[in-house]
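Novice: Listed here are the chains, written in short residue letters.
Protein chains: 2
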Amino acid sequence: MLYVVGLGLGDEKDITVAGLEAVKGSERIYLEAYTSILTVGKEKLEEYYGKDVVIADREMVESDSDTILANADKVDVSFLVVGDPYGATTHTDLVIRAREMNIPVKVIHNASIMNAIGACGLQLYNFGQTISIVFFTETWRPDSFYDRVKENHQFGLHTLCLLDIKVKEQSIENMARGRLIYEPPRYMTVNQAVEQLLEIEEKRGEGICKPDSLAIGCARIGTDTQKIVAGTLEELVDVDFGGPLHSLVLIGSRMHEMEAEFVKEYAFNAETFNTIVKRDYVH
Amino acid sequence: MLYVVGLGLGDEKDITVAGLEAVKGSERIYLEAYTSILTVGKEKLEEYYGKDVVIADREMVESDSDTILANADKVDVSFLVVGDPYGATTHTDLVIRAREMNIPVKVIHNASIMNAIGACGLQLYNFGQTISIVFFTETWRPDSFYDRVKENHQFGLHTLCLLDIKVKEQSIENMARGRLIYEPPRYMTVNQAVEQLLEIEEKRGEGICKPDSLAIGCARIGTDTQKIVAGTLEELVDVDFGGPLHSLVLIGSRMHEMEAEFVKEYAFNAETFNTIVKRDYVH
Chain A
1 MLYVVGLGLG DEKDITVAGL EAVKGSERIY LEAYTSILTV GKEKLEEYYG
51 KDVVIADREM VESDSDTILA NADKVDVSFL VVGDPYGATT HTDLVIRARE
101 MNIPVKVIHN ASIMNAIGAC GLQLYNFGQT ISIVFFTETW RPDSFYDRVK
151 ENHQFGLHTL CLLDIKVKEQ SIENMARGRL IYEPPRYMTV NQAVEQLLEI
201 EEKRGEGICK PDSLAIGCAR IGTDTQKIVA GTLEELVDVD FGGPLHSLVL
251 IGSRMHEMEA EFVKEYAFNA ETFNTIVKRD YVH
Chain B
1 MLYVVGLGLG DEKDITVAGL EAVKGSERIY LEAYTSILTV GKEKLEEYYG
51 KDVVIADREM VESDSDTILA NADKVDVSFL VVGDPYGATT HTDLVIRARE
101 MNIPVKVIHN ASIMNAIGAC GLQLYNFGQT ISIVFFTETW RPDSFYDRVK
151 ENHQFGLHTL CLLDIKVKEQ SIENMARGRL IYEPPRYMTV NQAVEQLLEI
201 EEKRGEGICK PDSLAIGCAR IGTDTQKIVA GTLEELVDVD FGGPLHSLVL
251 IGSRMHEMEA EFVKEYAFNA ETFNTIVKRD YVH
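Sequence order for the protein chains is A and B. Under full-length UniProt numbering, the first residue of the first sequence is numbered 1, with each subsequent residue one higher. Under full-length UniProt numbering, the first residue of the second sequence is numbered 1, with each subsequent residue one higher.
Since the hints were made in silico from the structure, they are not lab data. Be careful, since some hints might not be right.
Note: identical chains are not told apart, hence a pair may lie in one copy or across any two.
[Unchecked claim] Below 25 angstroms or equal to it, Euclidean Cα-Cα: the simulated BS3-like pairs (lysine-lysine) are:
{"#": "1", "residue 1": "150", "residue 2": "13"}
{"#": "2", "residue 1": "264", "residue 2": "210"}
{"#": "3", "residue 1": "13", "residue 2": "51"}
{"#": "4", "residue 1": "264", "residue 2": "13"}
{"#": "5", "residue 1": "106", "residue 2": "51"}
{"#": "6", "residue 1": "210", "residue 2": "150"}
{"#": "7", "residue 1": "227", "residue 2": "106"}
{"#": "8", "residue 1": "168", "residue 2": "203"}
{"#": "9", "residue 1": "74", "residue 2": "278"}
{"#": "10", "residue 1": "264", "residue 2": "106"}
This is chain A alone, in the form it adopts within the complex (with noise of 0.2 angstroms):
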């Protein structure tokens, strides 16, 4: 059997009683660990198992799934997956090779920032699609979606934006000399995923998320440090949120009143903050 665990977001005792279960009877145990992080490492989650875990990279995951699936019909495996494991693609395809070989699949759910971002006081049937915002480089700074974003605009619904990570990279230079040296981990914070949004804005210019827009800032949600910061994107762009792992909404124009009064306890400035809501959102 595979078993496909969610950890969910905090630590080693986020994970569910059925999942910790799973990985204890497992004879092999991986490690998802390039599309989100734990508060806590490897080692940590080994002490608490009892058990070896291997870290799955990107490349392990894409391009040598073999390995991990190997006598999955025969013996239990555990691929363990930071949030829900349906939160990324990667892990679907990963589901879908299993079931090519006939591997019984077993996926063990648990929070994710896709429903966990409730806490930050907006209703979850109240979001529109979610968008991921990468990284600016120097020569690429794709703006596509801006469009998405707008299509929620359009309705008044919320935007969760998930913030680009970067795990294992490797900079142009060791990758044409074939050096496997990889550059320090990157993760996205609200500051600058809010400054690409409003660089993009000041390009396209169709008053989406503009200065005074309001979005909620939200880092580590669902751990003992969360943090949770609303207010105007000009306001956001210098708010520290602190280390990893960070994601943004965009507040839609359909705010509910309950809504805004549970995220108002989250207000950078209450009085601006109130004074936007009366003037764009609730009505």
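Following the hints, position chain B against chain A.
Specialist: Quick look at chain B alone, frame taken from chain A:
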């Protein structure tokens, strides 16, 4: 401390280790039992926790929350929610009330249908807003959700439809006579939801959920008896999905090829499914 603990979607073992610790250390434990259900009842939970559990019905949570929160500034109280704590508006109210009373609140997240629905094979970021479908009565057949589906449909996004639950409802006669006699619980089936959607399509005629529109019926997601069937609405009218809870996903036209590949494994009729996918969906 008020712990608001998500129980996940399956049985007693879908609680997280952190959640279980909070429950075991709590002086009082309430189970919210009107927005969703587990596959096990209160007795099984009591046995598993080694503690008494009090059922909190809608009246208690909405009108008598101070009983739940009593002295939670001094002792630990757990409020258990099937799925994730932020899945329903009513739990947000409780958190706001606790804040007003200066009671510290800790939310322990878990899977909810809002993210576990990824099990159907569609990617979560391609979903638009979520809708709820309520039971029609002879005189009340609301169709406002049709407009929401239409909004999602316009951008080719998928729609998760949450289906109505009626627990502890009184008949009009019993209510009028002040008799505290309750009707047996009712859980909307995929079949009923589809029938209602087709009735509204018939009336509105905007081509949003036609008899040959593709959808995915889901039952008991995240449990061992999970059932997923994809097909046209017409096909899903007669599929037996078994016991509650059910939910329904209306597939958006922007469906990606990889999503289609995953979903077709669940097809009621693979041939029909593939034909319609090619004609109206993946481009």
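Novice: Does each hint hold? Answer for all of them.
Specialist: Hints, one by one, checked against the model:
1. 150 with 13: neither (39 angstroms within a copy, 41 angstroms between copies)
2. 264 with 210: Within one copy only: 19 angstroms inside, 42 angstroms across.
3. 13 with 51: Intra 15 angstroms, inter 21 angstroms, cutoff 25 angstroms: intra and inter.
4. 264 with 13: Cα proximity of residue 264 and residue 13: none, with 31 angstroms in one copy and 36 angstroms across.
5. 106 with 51: Within one copy only: 20 angstroms inside a chain, 30 angstroms across chains, cut-off 25 angstroms.
6. 210 with 150: Close inside one copy (12 angstroms), not across copies (27 angstroms); limit 25 angstroms.
7. 227 with 106: between (33 angstroms within a copy, 13 angstroms between copies)
8. 168 with 203: Intra 32 angstroms, inter 55 angstroms, cutoff 25 angstroms: neither.
9. 74 with 278: neither (61 angstroms within a copy, 38 angstroms between copies)
10. 264 with 106: Answer is between; shortest inter-copy Cα gap is 19 angstroms, intra-copy 41 angstroms.
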